[in-house]
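Undergrad: Residue numbers (this note's numbering), protein chains in the order written: chain A, 1 to 361; chain B, 1001 to 1304; chain C, 2001 to 2132; chain D, 3001 to 3135.
Don't read these hints as lab results, they were simulated from the structure.
Hints may be right or wrong, so weigh each one.
Counterexamples of contact, computed for chain B against chain C with all Cβ distances above 10 Å [to be verified]:
#, residue
1, F1098
2, A1136
3, S1296
4, L1298
Calculated cross-link-like contacts (lysine-lysine; reagent style BS3-like; alpha-carbon spacing at most 30 Å) [unchecked claim]:
#, chain 1, residue 1, chain 2, residue 2
5, B, K1054, A, K120
6, D, K3035, D, K3020
7, B, K1072, B, K1058
8, A, K174, B, K1032
9, B, K1058, C, K2028
10, A, K174, A, K272
11, B, K1072, B, K1054
12, A, K120, B, K1032
13, C, K2028, A, K174
14, A, K19, A, K33
15, A, K272, A, K178
16, C, K2101, B, K1054
17, A, K272, C, K2028
18, A, K120, A, K19
19, A, K174, A, K33
20, A, K204, A, K33
21, A, K120, B, K1058
22, A, K204, D, K3035
23, A, K178, B, K1032
24, B, K1032, B, K1058
25, A, K120, A, K174
C-beta atoms are modelled at their ideal positions from N, C-alpha and C, and glycine is treated no differently.
The lines below spell out each chain.
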Amino acid sequence: MSYRIPMGPYHPALEEPYKLELVCDGETVQDAKLNIGFNFRGIEQLAETRNFIQIVALMERVCGICSNTHTLSICQAVEQIAEITPPPRALYIRVIMAELERLHSHVLWAGVAGKLIGFKTMFMTCFAVREQIMNVLQTISGNRVNYAMNRVGGVNRDIDDPAMILAMIGELEKDMVKTVIPVFTTSHSALSRCTGVGVLSEEKARSLGVVGPTARASGLPQDLRRAAPYAAYEEMDFNVPVEHSGDVKARLVVRALEILESCSILRQALSKLPAGEIFTGDESEMEIPEGRGFSRVEAPRGEVIYSVTWGEDTDTPSRVHVRTPTYINMPAVRWMVRGARLADTPLIQASIDPCYSCTDR
Amino acid sequence: MNATTALLRMLVFPGILFAAPAAWFFLWIERKAMAALQQRIGPPFMQPFFDFVKLMGKQVPPREGLGGFLMKLWPVLAVAASAGAVGLLPVIPRSGGFPGDLVLLLSLLELPSMFIIAAGFSSRSLWGELGSSREAILSVSYNVVFLMAIIGIAASQHTFSLQALAQSQGSPLRWLGVLAILICLPAKLHMNPFSVTNAEQEIYAGPMTEYTGHELALWELAHGMEWVAATGLVATLIAPPLANPWMAGALFVVLSVAVVLVLTIVAAATARLTIDDSVRFFWRCALAFAVLGVSSVLLMRIKL
Amino acid sequence: MNILRLLLNNFLGGSITTRFPNRPPADKGFRGLVRYDPQICTGCGVCAYRCSSRGISFRSSRTAYTWAYDPGQCTYCGRCVDGCEAHAITQEAAPPPLYYKRDELNLAHTTQRPLPPPKKKPEAAPATGEAK
Amino acid sequence: MTTLETIPSELAVTTSWESKGGSQWLASDALEVRKMAEVMMAHQGRLLTITATQLPEDGGMTLDYHWDLDGTLLTFAFVVENNQVASIFDLCEAADWIEREIHEHYGIEVTGREYEPLLLRAGDKMGVNLHEEED
Chain A
1 MSYRIPMGPY HPALEEPYKL ELVCDGETVQ DAKLNIGFNF RGIEQLAETR
51 NFIQIVALME RVCGICSNTH TLSICQAVEQ IAEITPPPRA LYIRVIMAEL
101 ERLHSHVLWA GVAGKLIGFK TMFMTCFAVR EQIMNVLQTI SGNRVNYAMN
151 RVGGVNRDID DPAMILAMIG ELEKDMVKTV IPVFTTSHSA LSRCTGVGVL
201 SEEKARSLGV VGPTARASGL PQDLRRAAPY AAYEEMDFNV PVEHSGDVKA
251 RLVVRALEIL ESCSILRQAL SKLPAGEIFT GDESEMEIPE GRGFSRVEAP
301 RGEVIYSVTW GEDTDTPSRV HVRTPTYINM PAVRWMVRGA RLADTPLIQA
351 SIDPCYSCTD R
Chain B
1001 MNATTALLRM LVFPGILFAA PAAWFFLWIE RKAMAALQQR IGPPFMQPFF
1051 DFVKLMGKQV PPREGLGGFL MKLWPVLAVA ASAGAVGLLP VIPRSGGFPG
1101 DLVLLLSLLE LPSMFIIAAG FSSRSLWGEL GSSREAILSV SYNVVFLMAI
1151 IGIAASQHTF SLQALAQSQG SPLRWLGVLA ILICLPAKLH MNPFSVTNAE
1201 QEIYAGPMTE YTGHELALWE LAHGMEWVAA TGLVATLIAP PLANPWMAGA
1251 LFVVLSVAVV LVLTIVAAAT ARLTIDDSVR FFWRCALAFA VLGVSSVLLM
1301 RIKL
Chain C
2001 MNILRLLLNN FLGGSITTRF PNRPPADKGF RGLVRYDPQI CTGCGVCAYR
2051 CSSRGISFRS SRTAYTWAYD PGQCTYCGRC VDGCEAHAIT QEAAPPPLYY
2101 KRDELNLAHT TQRPLPPPKK KPEAAPATGE AK
Chain D
3001 MTTLETIPSE LAVTTSWESK GGSQWLASDA LEVRKMAEVM MAHQGRLLTI
3051 TATQLPEDGG MTLDYHWDLD GTLLTFAFVV ENNQVASIFD LCEAADWIER
3101 EIHEHYGIEV TGREYEPLLL RAGDKMGVNL HEEED
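Chain A on its own, in the form it takes in the complex (with noise of 0.2 Å):
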């Protein structure tokens, strides 16, 4: 029997619309093709009518999940092409907000996994457990999603309280360890479903580009943060880990090992916090002069990068261009798929934690 199944635009396994045709003989599928652009808002076009204040609020909403990349991206681009450099602790702030970002979407991530796979207390545990992290972020920032922090020259709330941040690191690193964990590794009926699973070889990785968990699943160990730091990552000490095996319990294990990773950097950048400005530069006074700048940050998802070019006495840019992470990634679900069960294809899918809203900018 040979299906041509469509999953989604609208779909119960996809957080958001996108279109994955699979050619099934039976339960396994053959091939699958993708259709994106359902989401499609034209931020890239919007983005040019908007000033260097305005740009980075209009940034922050290209994707819900990791809104703090998109902020830091534009940020540190503008200011490539106006020469600015935040002060320290500025730096340190961006750090500690991008690796809370990264630690909220790996858990998330991680929920979202076992509810692919039918695990709902799964689900509702990665959940709770993600709370604390939502929590510390909204105090932090006054929002739980778009945390508005950056601006062009530093960031616009400081960290008060760094003390509840680590004891939510302490509250968050025992969860894992002693709860998320052992039962994703110990659950037969979990593991039944992830080993040996939408294998794709380092190869092939490297020929489709694949960046971020994806990448450093099937053994490329590439980061950002480690290969070209910014912000403040130069004096964080870290551990890129990297499996080889290619398949979704690979990138389970390399996310779940970045969430420890993450809170040992939360530790040093919270201790190592220096004083003094959070920002440089007055806002109403910064002019952008015509130029070219472009950023590279380390998303959860993998690597964004930004182009920025900015016009001759303007105060909006002439073009903004955006890849993110999941624009990369997500052509190699075809490669993973090709010869898996039906069953498996919506959590073969979700292993690279695709992000439509980015996709489609």
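We have chain A; now place chains B, C and D onto it with these hints.
TA: Below, chains B, C and D without anything else, positioned relative to chain A:
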């Protein structure tokens, strides 16, 4: 058992009039227990009933021809079959029964899953077809274990009457059979880890995808009654014989709820297996229980 | 067996969810609805310049200026608050209330520009006078 | 000499890298798209993205190919001629979606590859993101 008492049992107790509220109650217990295991509040007590009423009030899209007729027919038949299964349960001792009612109970328990398969195919939806073929494969596999367990129990007590089984004492073979039935129940009730038929993340609602309104409400009711009948069967098999009918009835309910809780804990603690893993599991189970069952029967024969 | 311990802890720990009307309390730095104090406002219009979502509009003439706010467009980013040097704009520390009619929470405030004191800008005073 | 320094000569380009805006730039009339892709793939470079920019006042389009080489951001700048550019999809799989998007958003013909049906949106209008000419 004459015609009047049979009719009363079917329609009043423990038949439809009792079975429908019991079904909602059991659905609520399952949902509430699941919520408690996941740090949630869970639904209010009347929620399954409200769900039913709400679904009853919804419009059903007109479906023409034989397919439409069949789609209306299957949920009604499913409710009838599971209500009949509940009606056969010997809740109160010496309330009647007939030789061989265990066989009827088994077939009535089996019918809803047949109707689900038929419903999935007659809905002509891709997801329905996928779900139905999964259900068909799964029911073939678990029924081997299920029937072997029941036949083993019946053979060990030399009777196919539920009443007699409820009155007799337990034996090792019987406990083995109860264990086998408990392993099959998640698959029968579409619970984790064998919830492949209605795996919403993969194939939406499976056979139920095209259903809505009162037809879906009837499916939900049938599902609840399956809960009552299946857990009731286990309760009948493990309950010690009691003379006082009130005590016996209370014990029956307590044991049924306990079975629901056990199944809920299993469902909360597991992820969903894929269809081929589920089938492999049941065939391994079948092999293990077959070896155990045959050897214990042989041992008993030798002892006798 | 880790999962069973988790289930037991969950069961003993009680629920962490709440029924619908209840909301967890917001932090004191929460970014909610924008509030405007016309007494303090100097009418510079920077808030509208900084607003990415066009939630704040500012219309100005020589005699009056109008500050208008549409929460339906607001993204609660707080850039207007950060940029207001007179601190005439603040944010409520609570999530916005539910509302059922479009534009129900909209605000608009028109302030008459005061006549400039003659000693500060003597050349501007006759101009305003003529307009009136 | 490091790999970075040898790349211009491998590409038969006389100009050398220019550091600007956080990236190393290489722009020359002698640059060829496919040659660049071959050399970069041989050095295990990773294609990040291609930025298409429409120049003001009908100045045509530019394409900037961004590569990652061990953490260094390299940019090769090209001016689009005759509204078409050679595809590098067969040399570098990562270019697949990027080239399709540029084709659909900016109407640039990417030669030497087949297009699957539209990636990003329904309809057959190409160049949906081009600026309209203002009168």
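Undergrad: Each of the hints needs a verdict: does it hold here or not?
TA: Structure-based check of each hint:
no.: 1; hint: F1098; in the structure: holds, 42 Å
no.: 2; hint: A1136; in the structure: holds, 31 Å
no.: 3; hint: S1296; in the structure: holds, 29 Å
no.: 4; hint: L1298; in the structure: holds, 35 Å
no.: 5; hint: B:K1054 with A:K120; in the structure: holds, 25 Å
no.: 6; hint: D:K3035 with D:K3020; in the structure: holds, 23 Å
no.: 7; hint: B:K1072 with B:K1058; in the structure: holds, 15 Å
no.: 8; hint: A:K174 with B:K1032; in the structure: holds, 28 Å
no.: 9; hint: B:K1058 with C:K2028; in the structure: violated, 45 Å
no.: 10; hint: A:K174 with A:K272; in the structure: holds, 23 Å
no.: 11; hint: B:K1072 with B:K1054; in the structure: holds, 18 Å
no.: 12; hint: A:K120 with B:K1032; in the structure: holds, 14 Å
no.: 13; hint: C:K2028 with A:K174; in the structure: holds, 28 Å
no.: 14; hint: A:K19 with A:K33; in the structure: holds, 8 Å
no.: 15; hint: A:K272 with A:K178; in the structure: holds, 28 Å
no.: 16; hint: C:K2101 with B:K1054; in the structure: holds, 27 Å
no.: 17; hint: A:K272 with C:K2028; in the structure: holds, 26 Å
no.: 18; hint: A:K120 with A:K19; in the structure: holds, 24 Å
no.: 19; hint: A:K174 with A:K33; in the structure: violated, 41 Å
no.: 20; hint: A:K204 with A:K33; in the structure: holds, 18 Å
no.: 21; hint: A:K120 with B:K1058; in the structure: holds, 29 Å
no.: 22; hint: A:K204 with D:K3035; in the structure: holds, 22 Å
no.: 23; hint: A:K178 with B:K1032; in the structure: holds, 26 Å
no.: 24; hint: B:K1032 with B:K1058; in the structure: holds, 25 Å
no.: 25; hint: A:K120 with A:K174; in the structure: holds, 21 Å
Checked against the numbered hints given earlier, the structure breaks hints 9, 19 and satisfies all the rest.
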